[in-house]
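Top to bottom, those sequences are chains A and B. Numbered per the working numbering, the first sequence finishes at 839, counting up by one with no gaps. Numbered per the working numbering, the second sequence finishes at 109, counting up by one with no gaps.
In short, the hints are calculated from the structure, not lab data. Keep in mind it's a predicted model, so treat the numbers as computed, not measured. Virtual Cβ for every residue (Gly too), placed ideally from N, Cα, C. It is possible that part of the hints are untrue.
What the hints assert, rightly or not - Between beta-carbon pairs, the in silico distance windows are:
{"#": "1", "chain 1": "A", "residue 1": "Thr-287", "chain 2": "B", "residue 2": "Gly-83", "range": "36 to 42 angstroms"}
{"#": "2", "chain 1": "B", "residue 1": "Arg-38", "chain 2": "A", "residue 2": "Lys-814", "range": "31 to 37 angstroms"}
{"#": "3", "chain 1": "A", "residue 1": "Phe-350", "chain 2": "B", "residue 2": "Glu-73", "range": "50 to 56 angstroms"}
{"#": "4", "chain 1": "A", "residue 1": "Lys-654", "chain 2": "B", "residue 2": "Gly-46", "range": "39 to 45 angstroms"}
{"#": "5", "chain 1": "B", "residue 1": "Glu-73", "chain 2": "A", "residue 2": "Lys-814", "range": "44 to 50 angstroms"}
{"#": "6", "chain 1": "A", "residue 1": "Pro-619", "chain 2": "B", "residue 2": "Gly-83", "range": "15 to 21 angstroms"}
{"#": "7", "chain 1": "B", "residue 1": "Glu-109", "chain 2": "A", "residue 2": "Leu-512", "range": "30 to 36 angstroms"}
{"#": "8", "chain 1": "B", "residue 1": "Arg-38", "chain 2": "A", "residue 2": "Lys-654", "range": "44 to 50 angstroms"}
{"#": "9", "chain 1": "B", "residue 1": "Gly-71", "chain 2": "A", "residue 2": "Phe-220", "range": "19 to 25 angstroms"}
{"#": "10", "chain 1": "A", "residue 1": "Met-446", "chain 2": "B", "residue 2": "Gly-46", "range": "55 to 61 angstroms"}
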Amino acid sequence: MKSSLYKIALIGNPNSGKSTLFNQLTGLRQKTGNFPGVTVEKKSGVMRFTPLLNPVPAVVDAAVSEKEPPTEATLIDLPGIYSIYPKSRDEQVVMDILANPAHPDFPEAVIVVADASNLQRNLLLYTEIADLGLPTVLALNMLDVAESMNLRVNAVQLAMQLQVPVVRINARTGEGMDLLREAVQRQADRSGQTVTYFLDPAETHPDLVEEVKQTYQLDNNYLAIQYVCQHDAFTFLDQKERVHLDGLMEKYVFDKTDFLANETITRYERLRPLVQKSVTVQGESDEPAWTRRLDKILLHPVWGYVAFLLVLLVIFQAVFAWAQYPMDWIDMATAQAIEWTKQTLPEGVINDLLTDGLMAGIGGVIIFIPQIAFLFGLVGLLEESGYMARVMVIMDKLMRKFGLNGRSVVPLISGVACAVPAIMTTRSISNRYERLLTILVTPLMSCSARLPIYTILIALVVPDETVLGILNLQGLVLLGLYLLGLLGALGSAWLFSQFIPRREPSYFILEMPTYKLPRWSHLGIMMYDSTKSFVLEAGKIIVAISIVLWVLASYGPGDSMETARSRALTEIPATATENEKEAAISSAQLESSYAGHFGQFIEPAIRPLGYDWKIGIALITSFAAREVFVGTMSTIYSIGSDASEDALTIRKRLQKERNPYTGGPMYTTAVSFSLLMFYVFAMMCMSTMATVYRETHGWKWPMIQLVYTMVLAYVSAWATYTILS
Amino acid sequence: MIIARNVADLKKGEKAIIKSFNDRDMSLKLLEMGCLPGCEVRLDAIAPFGDPICVRVGGCYCLSLRRNEAASIMVE
């Protein structure tokens, strides 16, 4: 039973403007998820139809004609591909859907987006999709780029040649959207048309095609040959069927590589005269002059790197300096909201849980929104403008030395915001080995969740001084920590590349898009989308942990909390003020709580690093997510402090903290730097582990990753503490 | 004696016509991306440290690839 909503698939070459068109057609009505059964990100959205003036006559059937034709459709954005033969895991999903009518995402119609400035190559994909027998609309995009290259495309001529609706669009300005919607609806309404093959595989392999069609009850010759070529990637076939198809390949002496090469060449040969008829070249066609001029600078041996460094500088400036203002506002607003709730609601357990547990936890999540949004926006800007491809080119040789690929630059840069989306972007690295290395080392890049830890600890022990005239010492230390993360990532990649055997050759082949001005609305949607998924995904874990933590810190085994209270009362001198009594009781109670027991349990293990059981609690809780560290610190110290101290910042509380063994300050230079080292390297993030588990299909790699980062963190923290104290 | 030349041998700005490929798997990928026998290629840019290189294919788009990949495209 099919749902009444049409499903429309969006297909096109990378850089054809496919995602811009997707945003244009769906606006904010989109959602991100996974395709069923595979971990490939699926973007889908609701696409509105325009009422048709001359609807296709409905079938005379009472049940059908009573129903209004759908006014909306689900638009599914499929990964960008050059042909239907997949080159990476991501690309496999396209044919897994299109070859399987029983797939929940199998579309009623397909929009193929084609870059008019490179029509012949873009039409290769179109002819393949059309030969599969799917009702198709060809959306001709980037006509303006074609014009600037002295190319004129005759859409009517093209439509006649290909026998398909062709719509001229401009995905960036939204031109032609209504015509496109209408054409798509018409195509989706018609079904069961016979296919005129552009290239019929039965021409060359009639017997093989016939046998596959009979065995699997297929109507389409091209689909039949895909069963032969791609059966290993089709999840809807079982092992027996795969073995059978392997047998067929042997029986008919079918050489897949030869077939593919011949197919591609023949398709291009048939396309050439057709494109010549529809495209007029006026004068010399070359890429736009500004792209050539920009490339002279941005790919230059010296200026190329200078430009890249400047770009990185702007990214850092945005994430760390500009994002600070909105973060301060959020911080203030959260504090006020908590204060207000505390005062307004009646005192008691509910009040405490709501304010100290839940609201503090939510505050800890939303404080990251500005940074995440800025970073996603900037990375998106670089991708949209076409600059990211240049960065990959100038970084490839360098990255290769560490066993990585030029494409690893994007995950590594994104890792500065958050490792979870960064690891997801590694899917564009088609080489499994380089992808695995990139996944393994990306969490070493200092993500924004580490920033609050860095900030607090640096402010504690590094004086706010100016060195060399203009540089802020605290800023320098911060920069050093980021560089340390980068060095750790590259060094680990190199080490891994010495131990993990490389099975397949490394590819780099990459299309260089022309430079484009970004569309701000598109960027806005992208920022909104990625930020939303971060807040919802990471937020769930962080809020849950905050609540669990509050419970663990507020309750203890048996009557230990009561015992701690009376013990504290007997130990305290009678002359103490009411406030001092309260503080002594709270601190004793925290020590006897479940959290205190945990902290004391691991204290022997972390003593060599200079930590006590309170830091131990923070280490345990931040194991789930680093951002919890600061939250835990405030929970621990706010529970352990009296009312008059509530106004003090967490930093001042840490400064006041005494070391129970020496009596001196707890957070000395040695302890603080040891903690900093620990957090630079330790993979303390359950969301990242879950992502790595999903992406590598098992616990082997996340476990290896956890162990190696922990060893790295422990050893460097221990060394730092030993040297500095 | 005529020595077979490939794209990696081109000088910056030099043009040539694609003749054949000497790596079967690589050729599939290159074919799909529009590098066809008979197509004109021009070496447009060389990245810092001499690798990868950027070539313009058929006068309509730019492809960047590593030297060893470019070496699989034979030209005349």
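To see whether the hints hold, each was checked on the structure:
1. Remark: the range hint 36 to 42 angstroms for A/Thr-287 to B/Gly-83 is upheld by a beta-carbon distance near 41 angstroms.
2. About 46 angstroms separates the C-beta atoms of B/Arg-38 and A/Lys-814, a value inconsistent with the hinted range of 31 to 37 angstroms.
3. At roughly 42 angstroms, the beta-carbon separation of A/Phe-350 and B/Glu-73 lies outside the given 50 to 56 angstroms, and the hint is violated.
4. At roughly 56 angstroms, the beta-carbon separation of A/Lys-654 and B/Gly-46 lies outside the given 39 to 45 angstroms, and the hint is violated.
5. At about 48 angstroms, the beta-carbon gap between B/Glu-73 and A/Lys-814 stays in the expected band of 44 to 50 angstroms.
6. Under the hint 15 to 21 angstroms, the C-beta atoms of A/Pro-619 and B/Gly-83, about 20 angstroms apart, fit the expected range.
7. Against the hinted window of 30 to 36 angstroms, the Cβ-Cβ separation of B/Glu-109 and A/Leu-512 comes to about 34 angstroms, which satisfies the hint.
8. The hint said 44 to 50 angstroms for the Cβ distance between B/Arg-38 and A/Lys-654, and at roughly 59 angstroms that hint is violated.
9. At roughly 38 angstroms, the beta carbons of B/Gly-71 and A/Phe-220 sit outside the given window of 19 to 25 angstroms.
10. A/Met-446 and B/Gly-46 have their C-beta atoms about 59 angstroms apart, which keeps the hinted 55 to 61 angstroms range intact.
Consistency note: the structure conflicts with the earlier hints numbered 2, 3, 4, 8, 9.
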